[in-house]
Amino acid sequence: MQSASSLVQTVESTSPNLSDANLTLVQLVARNANQHGAGIAFREKELGLWKEYNWQDYLDNVTCLAAGLESLGFQPGDTLMVMGDNRPKLYWAMIAAGGLRGKAMPVYPDAAPDEVLHFCKLSQLRFVIAEDQEQIDKLLDLREEIGTIEHVIYVKPRGMRSYQVPGLVGYDELIERGRQRLDADAQLRDSIINRSRPEDPAIYLHSSGTTGLPKAIVIQNRRILSGVLSAYEGERFRLHEEIIAYLPMAWVGDFALTVAAAIALRFTVNIPEGQETVLRDMREAAPTFYLAAPRSWDNMLTTMQVRMQESTPIKKWLYDFFMGLALEREKRRFNSEEPTIIQKLLKPIGEIMVYGPIKDNFGLSRVKNAFTGGEAMGEDTFLFYRALGIRLMQLYGQTESSAFTSTHQADEIRLHTVGKPLPGVEVKISESGEILVRSNSVFDGYQGNEKATNETLVDGWLHTGDAGYLEEDGHLVVLGRVSEVVYTATGERYIPNYIENRIKFDPIIKDVAVFGRDRDYLTALVCIDLDSVGNWAEQHGVSYISYADLSQKPEVLEQAQKALEHVNDVLPEALKIKRFANLHKEFDPDDGEITRTRKLRRKVVEERYQPIIDALYGGQLDVTMRAQVTYDTGESGSIERILAIKDLNR
Amino acid sequence: MFYRQAAIRHTSYDQTKKLYPIPFDKWLVVAVLLVALLAPFMMSGLYLNSYLLPWVIWSTAALSLNLLMGYAGQIHLGYAAVMAIGAYSSVHAMRLGVPFEFALILGGATAMIIGVGFGFTALRVKGLYLAISTLAVQYLVDWVLTHVPAIGGGTQATLQTPTPALLGFEITTDIGRYYLAFGWCALVTIFMLNVKRTGLGRALIAVREKDYAASVLGVNSYYYKLIAFAVSSFFGGVTGAILAFTFFGAVTPEQYSIDISIQILAMVVVGGLGSVLGSFFGAGFILLAPLFLNNMVTGMAEAYDFGVSRSILSHIPLILYGGLIMLFLLFEPLGLAKIYDNIRKYFLVWPFGFSRR
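Protein chains in written order, with our numbering: chain G, 1 to 650; chain Z, 1 to 357.
Calculated from the structure, these hints are not laboratory results.
Treat the hints loosely; a few may be bogus.
Within a straight-line C-alpha distance of at most 30 Å, the following computed BS3-like cross-link-like pairs (lysine-lysine) qualify [stated by the list, open to error]:
| # | chain 1 | residue 1 | chain 2 | residue 2 |
| --- | --- | --- | --- | --- |
| 1 | Z | Lys345 | G | Lys316 |
| 2 | G | Lys347 | Z | Lys26 |
| 3 | G | Lys562 | G | Lys585 |
| 4 | G | Lys51 | Z | Lys196 |
| 5 | G | Lys315 | G | Lys344 |
| 6 | G | Lys368 | Z | Lys345 |
Among chain G residues calculated to face chain Z with C-beta under 7 Å, some are [claimed, not checked]:
| # | residue |
| --- | --- |
| 7 | Trp50 |
| 8 | Glu52 |
| 9 | Arg283 |
| 10 | Ser311 |
| 11 | Thr312 |
| 12 | Pro313 |
| 13 | Tyr319 |
| 14 | Asp360 |
| 15 | Gly363 |
| 16 | Ser365 |
Using N, Cα and C, we set each Cβ at its ideal position, and we do this for glycine too.
Turn these sequences into a full structure, and let the hints steer you where they fit.
Below you can see the structure in the form of structure tokens.
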């Protein structure tokens, strides 16, 4: 309770709106509903229209759901698994579970069955809420194996009518049941709102598991709220931001932003119609705050570049001219030089002609604070968005610290740093060069994994597993995972991820894995970007029948070679990539090669593609890759591919 | 570049029917409206009376014809005659002591009744046959005007229009007359912009595309063709009266001759069938292009000696004018409105080449 009361003071000192002593999410929702009932909390796009829900609707749904859940037998400490895309109803369910002192456990909507199984077994799961029939089907297949599931709630009734499954109940029916209970008992509503405590869990997440199986992490209300509030205190958030919720619900960033920050600071959360329509809905939503993984920023950049390539000559020329100018200016700025007079004069014209329209097209024109987090971002991508006039900032944090550790501040952007630690966050560097974090928002240990907890939490310091250092002025520099620092045979030290991010800036490259541990030189395995290269092939009359076919076209190999050589130009001699091959498929989370947040699982890749790596270092000009494939029907077969290996000239 | 579309979103289906969802379009309309309203104070009487006023009136006429031709797809070669009916009826009505406002409506109503009468032929014939039968309206009305003294005032007669008065205020100034024409033009424009969004507009368009297909869909094509003739004739009649009251100050048969019918037709076609904006462009082009071309050629002939005789010189503007119409229609058969639309779309997707999805 010590830290909880100190948080009250923090709350009071930041803003009168946050001074309420209610310190769980459900209590904050109730306060918002009382004081700002008509404020829009959610805007969900449905059949082309944005359906609005205010804070009163929010609270109604949460309390009815909680009452309904309780009537099903939901006890304090129980877990509610949440399956699906971002939907207000699923968010409400998460808050309702928290209100009943239980835990909501979101999983990635495209999580493979064995991952789901792993999560369920960790938590004695009895309750599940799923978005639609697809998720329900996935769950019902696993139900017997999991064994403990008693109640399954579905949100979208489409296709569900014929299901005769014990414990299956519709969202609306559950709400109705809860409403009857609330009508019958006048005290129940207040009781539900006041039941939870700050040290009760707010959310139950899993680490992404780049190394080994995902670990279970429970974040308490006070942890997540203090993370959000210190970010607010550090002026990274403002009140009433408009945000767009499209990040997977199982990622800590989404919970911190769409739920915790949205409730504490009364955001309006815009929810796109579906994952496929995010880009388009983004323009209609026009968020004022935007957090995305570097992957998404890269994708958006690729889309911009591809669409510019298809544009008309005059527009293209203007784009090239003004973007070149802005990039030059941005580079000067990072070298602490004043922009030239011409650059200054042409900036407003560029804003009207190029930067403004591009931002408008992608719904970025109202963004005041934009963040990238979850992974390191390529410098060129970062520069590009800064040049467009978007105040893109790095955010550094991990699930274990409730997503917020340190970020850039508007006026203090450095390319290589992630900014200063947020107020209330202590950061130090261990002797081995690892970043350690201590703050109110650091979690209390992995669920059911004491060994890992003891390794990670020592004397209240969170061992992040990231290598880095603090600069003299307090800026934190993150180099990469400690476990990922790699030495070549010649003793050259490097972090593959850093080089990979630079390579991925090129729109034609979607993913790349760089090898070189205990070898004489570096090599790369490249996954081309089908959209971008396919478009290029179309324009240049290169015909192809599949991804694999396209990837091995001499013209495409040449393109990839150019992209790598471009990066080689800035790498030190010992770290230049000497040879590469184009892979016949993209890295796929379903194959375990990357995580759901698209981080490379290096071990898996190295094992699976051992023959290619051997060939890369063996001096051959091609390699035959045999792969076991399991089809959707359950049959398995093998595919044989000859992959070309190319030498780099520069 | 100009068309910013971020944060345009709809929370109800009614909002999706907005005329101008994009702010730039809206502000452009507001700007044009302001210019049109302030114009009388910014330009000389000559320009107001001989350029702007006729442009506004003829645009209204083109709009009215566009309802019939562009929306409902029924050709009309005698539209000037419809206007004549309106003009003569309202002048006579006023002379008989009917107040101006009612005289206008009476003129429109008469034009409507006679127009619908001829419209009945449209129920039976299509295309060229309809063209010929509407041409008959023109000749019949011309004949009646010159041969029935009770209506036309006798051969070679000119009927002076009484001074119009709106709500008791007499309109005697150029500016007042301009505002009268402008007001009527605004009403018709608003009607035309909105009719597309109604069931009536959609039914008309269905009839235009294929009348028996529309019938199969349950649209009574006879009924809607008559509606189109009625509404269009009413507007045409009132516009004819406005033309007489504000521009000519008198009515003579020559003002509503077959040449005029062809000109209005040209305005609609050059501007763009079925386009509100096109009616303004078309009227502007057909009306003002000859004037400008004439001035240009005369000016150049004075500056440089072309060495051609005066009689040939006077034909050069006409040749250029005809050439221009052909060029425009070759370049964009859908008219000036489509050219504007192409330019707008070029900027709409700026800086990209085309829109996605």
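Okay, the hints, checked on the actual structure:
1. As the CA atoms of lysine 345 of chain Z and lysine 316 of chain G are separated by approximately 16 Å, the hinted pair is consistent with the 30 Å bound.
2. Distance restraint check for lysine 347 of chain G and lysine 26 of chain Z: the Cα-Cα separation of roughly 27 Å lies within the 30 Å cut-off, and the hinted pair is therefore satisfied.
3. Between lysine 562 of chain G and lysine 585 of chain G, the direct Cα distance comes to roughly 20 Å. Compliance with the 30 Å bound is thereby established for this hinted pair.
4. Restraint check for lysine 51 of chain G and lysine 196 of chain Z: satisfied, since their Cα atoms lie roughly 27 Å apart, inside the 30 Å limit.
5. Taking the CA atoms of lysine 315 of chain G and lysine 344 of chain G, the gap is about 22 Å. The hint holds against a cut of 30 Å.
6. Under the criterion of a C-alpha separation no larger than 30 Å, the hint pairing lysine 368 of chain G with lysine 345 of chain Z is consistent with the structure, at around 29 Å.
7. Below 7 Å, beta-carbon pairs count as interface contacts, and tryptophan 50 of chain G has one with chain Z at about 5 Å; its hint therefore holds.
8. Hint on glutamate 52 of chain G holds. Least Cβ distance to chain Z is approximately 6 Å, under the 7 Å limit.
9. Using the Cβ-Cβ criterion of 7 Å, the hint placing arginine 283 of chain G at the interface with chain Z is satisfied: the shortest such distance is roughly 5 Å.
10. For serine 311 of chain G, the interface hint holds, the least distance from its beta-carbon to any beta-carbon of chain Z being 4 Å, beneath 7 Å.
11. With a cut of 7 Å, the hint placing threonine 312 of chain G at the interface with chain Z holds, because the nearest CB-to-CB distance is about 5 Å.
12. A least Cβ separation of about 10 Å between proline 313 of chain G and chain Z goes past the 7 Å threshold, and the interface hint is therefore violated.
13. Checking tyrosine 319 of chain G against chain Z: minimum C-beta separation of about 5 Å stays under 7 Å; hint holds.
14. Satisfaction of the interface hint for aspartate 360 of chain G is found here, the shortest Cβ-Cβ separation to chain Z being roughly 5 Å, below the 7 Å cut-off.
15. Taking 7 Å as the C-beta contact cut-off toward chain Z, the hint placing glycine 363 of chain G at the interface holds, the least distance being around 5 Å.
16. Restraint check, serine 365 of chain G versus chain Z: the minimum CB separation of about 5 Å is within 7 Å; hint holds.
Of the numbered hints stated above, the single one contradicted by the structure is hint 12.
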